[in-house]
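Under numbering that gives the first Met the number 0, think of the first position of the sequence shown as 0, with each following residue one higher.
A hint or two may mislead.
Claimed, not checked - DSS-like mimics (lysine-lysine), calculated; alpha carbons at most 30 Å apart, straight line: (1) 173 with 125; (2) 54 with 106; (3) 94 with 170; (4) 30 with 59; (5) 108 with 54; (6) 88 with 30; (7) 88 with 59.
These are computed hints drawn from the structure, not numbers from a lab.
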Amino acid sequence: MQKNEEHKNFQKSTLINLQNAYKNRISLAPKCKRLLIMALPNDIFMSLDHCVTSKELSGKLLRQLEGGVATLKNNRTMCINEYHEFKAKEGESLKDTYSRYNVLIGKCKRFGVVRTNEDNNMLFLKSLENEWSHLTRSIRTNLDLEITSLADLYGSLASLEPQVLEAIERKSTKRGEKA
Numbered sequence: 000m001q002k003n004e005e006h007k008n009f010q011k012s013t014l015i016n017l018q019n020a021y022k023n024r025i026s027l028a029p030k031c032k033r034l035l036i037m038a039l040p041n042d043i044f045m046s047l048d049h050c051v052t053s054k055e056l057s058g059k060l061l062r063q064l065e066g067g068v069a070t071l072k073n074n075r076t077m078c079i080n081e082y083h084e085f086k087a088k089e090g091e092s093l094k095d096t097y098s099r100y101n102v103l104i105g106k107c108k109r110f111g112v113v114r115t116n117e118d119n120n121m122l123f124l125k126s127l128e129n130e131w132s133h134l135t136r137s138i139r140t141n142l143d144l145e146i147t148s149l150a151d152l153y154g155s156l157a158s159l160e161p162q163v164l165e166a167i168e169r170k171s172t173k174r175g176e177k178a
């Protein structure tokens, strides 16, 4: 009899806890909706004003900002192409190239295009200007690009950047003398 009474009390307290949790969730929904809406530009807000729940709002917002299936496929394809065509710009610093490359990797991940460390590292090394070629060959043979992070690879290259810049300067000086 006592076990039965304990069980009933447990059920009652569990039910009360669940009801309180549900009430808290319900009271948070309008707050979430208001926060989302406040962060939106007015034209987007007007198209979403009719949404009742936070879930409905976030779903419609996601579809509006990312587009439909065809748009997502198109963006994914463009991202893959941009990834494979990535090159350092002439005269661009290693830091700037690294930053652009990280942004591209993040963009690709958003569209479900995920590459291995080795793929990312190899492409980054290949994307650098010709003046880096002798160093990148050495790095490819001496570092395990499969387990080396892109940040670690960048750190290794950054320590060598003064040598490369010096070689570029010597090269341009020689060209100036010949002219």
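Right, here's what the structure says about each hint:
For the hint pairing residue 173 with residue 125, the CA-to-CA distance comes to about 26 Å; that is within 30 Å, so the pair holds. For a cut-off of 30 Å, the pair hint linking residue 54 to residue 106 stands: about 24 Å separates their Cα positions. For the given pair, residue 94 sits about 22 Å from residue 170 by alpha-carbon distance, which is consistent with the 30 Å threshold. A distance of roughly 18 Å separates the Cα atoms of residue 30 and residue 59; the hinted pair therefore holds under the 30 Å criterion.
Among the hinted pairs, residue 108 with residue 54 is consistent with the structure: their alpha-carbon atoms are about 24 Å apart, no more than 30 Å. About 46 Å separates the Cα atoms of residue 88 and residue 30, which puts this hinted pair outside 30 Å; it is violated. Annotation: proposed proximity of residue 88 to residue 59 is violated, straight-line Cα distance about 38 Å (limit 30 Å).
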